[in-house]
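Asks: Chain residues, written in single-letter form:
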Amino acid sequence: MNFEFLRSKIKEKFRSMEAFAESIEVSRVTVSNWLSETQKPEEYRFLDIINSLDLSEDEVDELFNNPKISVLFRKVGGTSTEASIKARSEDLANTFFKIDGSGYTTKESLLPIKTPQNPIDVANHIRKNILCLEKNEPVILSEALSELKKYNINVFFVPFQKIGITLSSSQNSHKEVAFTAIKGEKIIIFVDTNRTKDEANFDICHELAHIVLDHKNTNEEEEKFCNKIAQELVYPSSFILENKIEIEKFSNAKKFSWYDAVTQFNNFFAVFDWSPKGLAIALKEKELIENNSHEYRRLMKMHSSGHSRINIDDLFFKFFNPQDFNKIKIFFKETIFKDKDLFKPFIELKDAATSGRLSPRKLGEILNMDSGDADELIRAWEAELGTEDCQDDRSEPV
Amino acid sequence: MTAQSQSNDKQIIICDTNIVLLMMLFKPSVMFTANYSYGKIKVHQCVVDQLQSWINKKDSKKVARFTKEIIQDTINACEKLSKGIKEPTRPQFDRSIAYISKVEGELDSSQKGSATDRVDKLLLILAYANKAYLATQENTMTNIAKITLRPERVLRFEDLVLDLINLKLLSKVDIETGLHCLDSFEEILNSKKRSLILEKSEEL
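Order-wise, the sequence lines are chains A and B.
Using this note's numbering, the letters of the first sequence map in sequence onto residues 1 to 398.
Using this note's numbering, the letters of the second sequence map in sequence onto residues 399 to 602.
If you are wondering where the hints come from, they were derived from the structure by calculation, not from laboratory data.
It should be emphasised that the depicted structure is a prediction, and the values quoted were computed from it without experimental measurement.
One or more hints might be untrue.
[Said to hold, decoys possible] Among chain A residues calculated to face chain B with C-beta under 10 Å, some are:
1. E42
2. S56
3. V60
4. N66
5. K98
6. L385
[Said to hold, decoys possible] A few chain A residues that don't get close to chain B, going by computed Cβ distances all over 10 Å:
7. F5
8. A21
9. S27
10. K86
11. E222
12. E246
13. T263
14. P345
[Unchecked claim] Computed far set for chain B versus chain A, every beta-carbon distance over 12 Å:
15. N454
16. I473
17. D572
18. K598
19. E600
Just so you know, even glycine gets a beta-carbon here, dropped at the ideal spot from N, CA and C.
Work out the full structure: start from the sequences and follow the hints.
Replies: Here's what the structure looks like:
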């Protein structure tokens with residue numbers, strides 16, 4: 001318990017310790033003993049204490065020393081994280097941490113690296129200790145998600161722009177694509193659904209780099225370093241060097257036709273979820289091709305011609321429209337049960353709202369929808385669910 | 399001074415949905431209206447709404463188990479008992495939910511039954527806000543209430559029956575019939591407390 005905080009709140013709300021003691025029907029000596037930490041308040045006093053001090057939910061967390069949240073961003077465009085976006089992201093993450101108090105705690109230590117040497121070492125540390133991969137093996141999205149699940153590190157795919165977390169989809173302005181929320185032992189990685197599979201894979205690798213490097217508030221340098229680690233995880237240098245024959249189809253455009261390159265790329269895409277753009281950047285950084293060279297332009301042309309360009313939003317979140325009540329109702333009624341992992345955050349929000357752990361106002365804030373609509377949505381869910389399922393088989397003796 | 403006149407008229411017992419159903423099965427004419435030594439029975443509207451939702455739902459398992467008539471009779475009995483419960487304010491509700499969730503999260507698995515739902519949490523907060531007793535038959539609720547309200551403010555159905563026996567408001571026949579009725583609906587009581595109820599009924 002945070003006794004210093006208790007002392008400051010008593011001072012703020014009451015003219016004296018006696019007045020506070022009187023309000024919760026204990027003696028001044030009892031309160032004095034609490035504050036001098038010679039005696040702890042009995043647990044049944046806590047509701048009196050928090051109500052008498054008029055604490056907010058966050059202040060309740062502070063009183064009980066619940067760890068504070070830190071949010072690490074991966075953004076495209078812009079040079080700094082907008083304060084409003086940071087606040088919205090923190091609020092979103094905190095909501096999930098609150099509605100499932102113990103559900104997001106990681107199962108094992110993630111073995112942070114305290115003194116990182118270079119991106120390749122950090123990438124191999126993540127492969128070995130978190131993703132159960134061989135050294136220099138490319139990370140594949142589905143396998144990474146399944147390994148992270150074992151640690152209870154949740155990856156939540158959320159349409160950032162539709163819920164107001166990104167400012168603009170324009171290339172030149174501030175756009176969040178992923179962020180990690182950490183609160184004590186609890187971790188959730190949020191990824192924007194307006195990303196292709198390879199981008200989401202890269203984003204998750206970038207976030208894992210932040211996690212093992214134990215970043216708290218990241219700066220530009222750390223962001224760049226994490227990008228290099230993610231690049232190394234998805235397009236490993238050694239793997240590229242070991243597959244010279246296949247890679248040459250992209251690094252030596254004169255020798256191989258467009259058809260050869262496309263065929264080879266399709267093989268990579270089928271196995272590794274790579275994108276031509278990602279591969280172009282990887283080859284450029286490994287100095288196998290030059291910027292704006294024929295080889296580079298060929299891969300970028302392949303990219304713009306549509307290879308791997310279908311984003312998660314188009315595939316799964318078409319009905320997610322918080323501004324259209326009927327569509328959002330259909331999304332929650334019909335879509336979210338199709339894939340319990342992919343739609344986990346929405347299943348959790350629905351469960352929390354129908355069990356009273358999330359108010360209509362809060363649901364409206366989180367989903368960026370009118371609170372009246374949110375209220376109506378919850379009523380529809382309650383009518384749909386009834387309340388008996390959670391009441392069954394509960395009369396067992398203590 | 400009789401035991402009945404010793405009861406505190408100002409005290410109330412807030413009941414959860416399972417408790418009111420057990421009361422209906424056992425001896426409704428006494429159980430809903432008696433002056434318990436703990437106080438008077440109160441049933442919040444959320445419990446009535448929950449019972450009504452069972453009736454409204456198609457193919458309801460609860461209706462199949464208890465019959466529509468019994469649930470409707472329980473609603474009728476409870477509606478008269480819903481007045482006089484002080485409601486918490488929204489901030490009070492939110493901060494109490496935050497604390498109750500923390501307590502629930504810290505219970506070890508042996509103390510947990512089903513996770514609490516909205517009605518459960520509201521009843522806990524109502525019991526707190528009204529300085530009332532909470533009557534519940536559910537494990538998680540019982541354990542959370544023992545921590546947040548005090549152990550002596552949490553009652554089980556068996557405690558209510560034992561109180562009525564002490565107050566001499568139930569006869570031996572009432573108890574035998576009531577227990578038989580609970581058995582026929584496969585409502586299992588705590589074995590030690592059931593034995594105590596039978597033992598005390600012999601003294602009546």
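Asks: Take a quick look at A21 of chain A and tell me if its Cβ sits farther than 10 Å from every Cβ on chain B, holds or violated.
Replies: Non-interface label on A21 of chain A holds, nearest chain B Cβ at 18 Å vs cutoff 10 Å.
Asks: Just double-check F5 of chain A for me: nearest Cβ-Cβ distance to chain B has to come out over 10 Å.
Replies: holds (14 Å)
Asks: Restraint: N66 of chain A near chain B, CB-CB cut 10 Å. Satisfied or not?
Replies: Nearest chain B Cβ about 7 Å off; hint holds.
Asks: Grab the minimum beta-carbon distance between S27 of chain A and chain B and tell me whether it stays above 10 Å.
Replies: holds (18 Å)
Asks: In terms of Cβ atoms, is chain A entirely out of 12 Å range of I473 of chain B?
Replies: holds (14 Å)
Asks: At 10 Å, judged by beta carbons, does E246 of chain A keep clear of chain B as stated?
Replies: holds (51 Å)
Asks: Is the Cβ of D572 of chain B farther than 12 Å from every Cβ of chain A?
Replies: holds (21 Å)
Asks: If I take the minimum Cβ distance from E600 of chain B to any residue of chain A, is it greater than 12 Å?
Replies: holds (22 Å)
Asks: Restraint: V60 of chain A near chain B, CB-CB cut 10 Å. Satisfied or not?
Replies: Interface hint status for V60 of chain A: holds (4 Å vs cutoff 10 Å).
Asks: Does L385 of chain A pass the interface check with chain B, least Cβ-Cβ distance below 10 Å?
Replies: holds (9 Å)
Asks: Could you check that no beta carbon of chain B comes within 10 Å of the beta carbon of E222 of chain A?
Replies: holds (32 Å)
Asks: May I ask you to check that K86 of chain A keeps its beta-carbon over 10 Å from the closest beta-carbon of chain B?
Replies: holds (22 Å)
Going through the hint list in order, the structure does not satisfy hint 15, though it satisfies all others.
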